[in-house]
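Engineer: As a plain string of letters, each chain reads:
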Amino acid sequence: MKKIFLATIIVAFSTLLSAQTDKTDSTKTKLDKKLSDGTKEVNWGTIHGNFGLDAQYYFNDSLIAAPVVPEKFRMNGFLNLVYTNGNFSAGLRYEAYLPKPLLGFDARYEGQGIPFRYASYKLGGLEVTAGTFYEQFGNGLVLRAYEERSLGFDNFIDGFRAKYTPIQGITLTGLVGKQRFFWSWGPGLIKGFNTDINFADLFPKLGEKKIKLMVGGSFVSKYQDNEDIVNPLDPNQILNLPLNVGAWSGRLGFGVGRFSMNAELAYKINDPNRTNGYIYKPGSAFYFSASYAQKGLGITVQAKRIENFDFRSDRNMTGQPLLMNFIPMLNKQHTYALAATIYPYAVQTNGELGLQADINFTTPKWVAKKYPTQVNINFSMVNALDTNITGDLYGYRTDVFGFGRQLYMDANIEISQKVSKKVKFNLMYMYLFIDKNLVQGFGSTPRPINSHIIVADVSYKFLPKHTIRLEAQGLITEQEMEHLDDRTNGSWVMGLAEYTFSPHFFVSVMDQWNVGNPTEDFQIHYITGIVGYNNGSTRITFGYGRQRAGIICIGGVCRQVPAANGFTLSIMSSF
Amino acid sequence: MRNVCVSLGIFFLLVSGAIAQNNLPAVAIQDMKGGTFNTSQITNNGKPIIISFWATWCKPCVAELTAIAENYEDWQTETGVKVIAISIDDARNVAKVEPFVNGKSWEYEVYCDPNGDFKRAMSVNTVPHTFLLDGEGNIVWQHNSYNPGDEDELLELTKKVSKGEKID
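Protein chains in written order, with our numbering: chain U, 1 to 575; chain E, 1 to 168.
So that you can see chain E by itself, here it is in the shape it has in the complex (with noise of 0.2 Å):
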């Protein structure tokens, strides 16, 4: 026990002049067809980006991303956000992806995180968990969940983005 705590003090010491994490860790993911797609890769030329974790199973995650689709555009044309989409479906479901989100018809940019590597790198516990990020990639908000109405305040919180604005 004394070693773990020892462990744990000089961990944090050592760590201690590193601030929180604010942009995005390079990961190798896939595409929906298998592919290999690099997290740092994630661009939008200056605009905001939405993160959102979900999985196929997962009702909030779709309940989410089902209320974002309804105005897709008109977030875009507002605020030229773009939404990623990162499944993390395992093997069992990972073939269901591509069929999943256009029988949804969703006009996100969607990957696979198969084996959770991108999710850890993260920090992220559960599904739903968004992200908002600035136009210089940094992540300036994040939450985890999803209730019915929570897509206005992220909304709310793109424009501000959008405009330059920061989030308290």
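Isolated chain U, as found in the complex (with noise of 0.2 Å):
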């Protein structure tokens, strides 16, 4: 199948590739370059792509319980290579993961080969793509595949799309296929349409008095075969599936002046999955944004209730693979190490309320300094659905403003201050509240955990082109005696320090110390270093440590990391 698919392929290419040298040839296009000797160039179009390899060494740690790799090496990389000519184009990426997937990635990528490979062609305002392709539908409530390489998430659809924009303003789109999983494909048959119209393309008058307005609407609904599950609450009895499940989704898009607001209402029938216990409740979800920004200030209000909406084109699936849609976390994306990777939040996609609120700015010129201060504020907090159990396949019953339990608040502060035209520096400080096991999963008891960060980061440009940057954090929480193996309780420092010799190198030495673990074995250093080059679009960095096991969230989506002691290679380039 896969061989017939790659052999329809490149026959395309080169078909089209033939036929686009022809055009070029017989008609004598303006894409011809006119060389020197007054003989004309063949247009064979371009190419470009991108590389990607992380490999690591491992040692056994048993202090850090990491996982024993005999083989000892493996390693992460791809290539993705596009081609355009004209309106045509096509690509492919090549995956390997050799001989396993590095710790931490999903086991089932083990292997190598080429997953994603596509043609498409544009005429007028048809845009056709046959094999893999990414989407998005709205802010993705229903549906979007997307890739997100750094967490070992990818969920392309392989099938077809079609693209079409009849007049400026207007677009529509229509796909039909299959997700990725791993090194095949999910069960379910995906088929979405989506139309998104925007006024003031169609009513100039109203782009020249600067209104926007944008509607727009989504049908996705998944097709997966019948099977025998046994209904949960009779163990006699196998439950009466629906073979297809059907979610849509309205939205509205509003800007005026400095006024911007943007809406999204989805639901979706009954979809009995693994994720929320085979119960035929409808799904719904509900996105809420509104800002105003003006120069020198920027307010964001979001807003968020979902109830029931794990989408998958496979209804006994959990974790990562093969999500139909994306649930957006209202919280700050942090980066500052402790403040992003100790106590992370992850999406509750089975019910949750999320408000959260966001200001920035800069000191007017009137205050007398001479570098203005860039403050962040922002706020966010997550609830879960209360809800009562039906005791019945529907599930249970909540209100639309059913505030349950608290799952996360997050209340932080950032000020970047420019001192001279060689001192920088940022502070933060943050409270922040998790419920561990709820959140991440690990249990329905609660495990509340309040916590206060503080980071200082300093930058030193002592010369031209050299900088100095030190990083100092520290979290502070109560010690849990009741979770004595837990890695991560008790207090935690950070330092860090890198030096930078622009445009080129960069070396930097961080240490996480769990200087607060009740457990005093566990009151361990996580050292690591790396030394880099950086050359136009080539990156290469060598580095050495201990990766401290947890959770990392990219972009809403958040994978177990175990830890991890060891010699990491990284080399990434695109041409």
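Think of the hints as simulated: they come from the structure by calculation, not from any bench. These figures come from a predicted structure and were not determined experimentally. Even for Gly, the Cβ is constructed at its ideal location relative to N, Cα and C. Some hints could be false.
Ranges between beta-carbon positions, derived for each pair [said to hold, decoys possible]: (1) 153(E) with 191(U): 47 to 53 Å; (2) 405(U) with 107(E): 24 to 30 Å; (3) 511(U) with 136(E): 46 to 52 Å; (4) 74(E) with 463(U): 18 to 24 Å; (5) 122(U) with 107(E): 29 to 35 Å; (6) 137(E) with 460(U): 35 to 41 Å; (7) 367(U) with 107(E): 17 to 23 Å; (8) 107(E) with 68(U): 52 to 58 Å.
In silico SDA-like pairs for lysine to any residue, Cα to Cα no more than 20 Å straight-line [to be verified]: (9) 369(U) with 66(E); (10) 59(E) with 454(U); (11) 119(E) with 573(U); (12) 47(E) with 78(E); (13) 205(U) with 35(E); (14) 205(U) with 170(U); (15) 59(E) with 509(U); (16) 59(E) with 499(U); (17) 418(U) with 71(E); (18) 59(E) with 37(E); (19) 59(E) with 429(U); (20) 418(U) with 106(E); (21) 119(E) with 108(E); (22) 178(U) with 321(U); (23) 163(U) with 86(U); (24) 191(U) with 267(U); (25) 122(U) with 26(E); (26) 59(E) with 428(U); (27) 100(U) with 78(U); (28) 210(U) with 35(E); (29) 166(E) with 141(E); (30) 59(E) with 530(U); (31) 421(U) with 41(E); (32) 422(U) with 463(U); (33) 178(U) with 148(U); (34) 210(U) with 41(E); (35) 82(E) with 37(E); (36) 119(E) with 133(U); (37) 100(U) with 151(U); (38) 365(U) with 105(E); (39) 421(U) with 137(E); (40) 370(U) with 420(U).
Take the two lone chains, each set in its own frame, and fit them into one complex as the hints suggest.
Structural biologist: Right, here's the structure in full:
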């Protein structure tokens, strides 16, 4: 099957290539370039791509509970190639996980091959893609196919897609296909239709008045064959499963002058699946954001309500694979290590209510200072839905504003200040509350944790191209005496020193120390050192260190990362 | 495995006549309010263009754009350059881009690429990734990552490009 597809694509390439070449030759389009001797150069199109390789050599380290890697060496690598000629383009990606994926990536990626390959062309307002593609409808509540390589997340769709723009301002998209499941496809067939209408494009008078109005709607359905699943409430009964599950969403975007708002409401019919315990209650998702922006000041307020909205092309799947949609997290995406990685939030696709407010401002000029201060204040909270179990296959009952147990809260302020041409600093304070068990799926017994995080980040450019940056971080929290087996328990301190020599070199050393762990043996130093070289679009880093076990979350998806100790090599480039 | 090698071989053979990318692909992305924008509309009347891929959560990206912002007027006067900042923030943060840019008082043209379509089309691995285009829209230089002081190199290169000189 795979071979036939590849052969078809290759034939398509060659046919289209020769067709393109013939056309260029015969009609002598303006794409031809005149050479100095007056002859024409054939338009061969352009090719570009990128490459990445992450390799690690592992050592045994029982203190941090690093899994033993008998083969010692593992690597993840990929190469993307994209060929474009006029309105035609084609691409592929080769991936290899040798001999197995790096620790922390799903073991089912083991192997090598070309999972991603496509060809597409544009003809007037029509764009057709055959093969693999990524897509997002609206905010992604009912459909988002995307890749987050650092997490090992990839749920592209393999099939056909057509996009049609009859007139500027209206876009129609239709697609059908199956999703990537490591080296094969998931069992469900996805059909999707989306439309976006932009009134400012349709009626230029609106655009002149700086009024933006956008509406959109999507319908997505999945089909999966019937199977025998035992009724969780009655072991003698087999569930009568819906084979086609449909979901729709409607959107409204509005902007006038400094104000903008965006809202999306999505609904899904009954979709008994493993993540919701095979209940028949329909799901819904609501997302809202409003913002105000003027020079020197920006304010965003966001809210969401998610109920029973885990949507996958396999009703029995859990974890990362075969997700069809994307529920955005509504909390600040932290980047300082202790704020981002010790207690990260994970989206609860089966029920949560969230709020966020975010303010950015630059101190105005009349505040007498040579360099303005930049401030970010952010607040977010997430609660579970308050549910009453009904005891039947409907699952539970809840109210629209049924605020249940608090899952997460984060209040933080970050200040950036340039002191002189040479010195800059960033300061951050954050209060963080998380229910670690409920959020990270360690069980249903609540485990609330309060913590305070402080960060100071100073950089000093002591010579025109030479900069030293120092980072000190602390996370202060109580020791939990009932969780003595937890290697993140208690307070942490962290220090980082980085030296950069623009534009090519950097070296950095970092130590994360679980100084407050109530288990003395776990008061471990996680030390890493990295040297790196940049040149143009190539970046090479080499490091040695201890990687802490934990959860890494990027872009709304999280994964468990086991501890590791060893050398790392990373090469990335694009052309 | 053989199958993979053969396909790769044929692909290379087919495209061996193709030259490396030197101008912008046409991709439908969004303006900061969610309206449509096609990257083929990126122009600067024959003057150089800097395209910077960034995200609100990316500290080095913000440091780079802030460093350029401090002298952006001088850069524009000297070279006529226009900076276009492409945010790759996804649905989680895309609504914050416009308030963020205003909060920072940046004067750039900013567009959003929430599902990475333009990022993929430009073969960008990670942010920050900065491209320099000459007056004809050809990509003449690119750089991944940002270290303090990199903006000085970028300014030198932009000056060269604005004078029509070649970059090695």
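Engineer: Please go over all the hints and tell whether each is borne out by the structure.
Structural biologist: Against the structure, the hints:
no. : hint                           : in the structure
1   : 153(E) with 191(U): 47 to 53 Å : holds, 50 Å
2   : 405(U) with 107(E): 24 to 30 Å : violated, 46 Å
3   : 511(U) with 136(E): 46 to 52 Å : holds, 50 Å
4   : 74(E) with 463(U): 18 to 24 Å  : holds, 22 Å
5   : 122(U) with 107(E): 29 to 35 Å : holds, 33 Å
6   : 137(E) with 460(U): 35 to 41 Å : holds, 39 Å
7   : 367(U) with 107(E): 17 to 23 Å : holds, 20 Å
8   : 107(E) with 68(U): 52 to 58 Å  : holds, 55 Å
9   : 369(U) with 66(E)              : holds, 17 Å
10  : 59(E) with 454(U)              : holds, 17 Å
11  : 119(E) with 573(U)             : holds, 14 Å
12  : 47(E) with 78(E)               : holds, 11 Å
13  : 205(U) with 35(E)              : holds, 15 Å
14  : 205(U) with 170(U)             : holds, 17 Å
15  : 59(E) with 509(U)              : holds, 18 Å
16  : 59(E) with 499(U)              : holds, 16 Å
17  : 418(U) with 71(E)              : holds, 14 Å
18  : 59(E) with 37(E)               : violated, 26 Å
19  : 59(E) with 429(U)              : holds, 17 Å
20  : 418(U) with 106(E)             : holds, 16 Å
21  : 119(E) with 108(E)             : holds, 18 Å
22  : 178(U) with 321(U)             : holds, 12 Å
23  : 163(U) with 86(U)              : holds, 17 Å
24  : 191(U) with 267(U)             : holds, 16 Å
25  : 122(U) with 26(E)              : holds, 11 Å
26  : 59(E) with 428(U)              : holds, 13 Å
27  : 100(U) with 78(U)              : holds, 14 Å
28  : 210(U) with 35(E)              : holds, 12 Å
29  : 166(E) with 141(E)             : holds, 10 Å
30  : 59(E) with 530(U)              : holds, 18 Å
31  : 421(U) with 41(E)              : violated, 37 Å
32  : 422(U) with 463(U)             : holds, 8 Å
33  : 178(U) with 148(U)             : holds, 19 Å
34  : 210(U) with 41(E)              : holds, 19 Å
35  : 82(E) with 37(E)               : holds, 17 Å
36  : 119(E) with 133(U)             : holds, 14 Å
37  : 100(U) with 151(U)             : holds, 15 Å
38  : 365(U) with 105(E)             : holds, 12 Å
39  : 421(U) with 137(E)             : violated, 33 Å
40  : 370(U) with 420(U)             : holds, 9 Å
Violation of the numbered hints given earlier is confined to hints 2, 18, 31 and 39; the remaining hints are satisfied by the structure.
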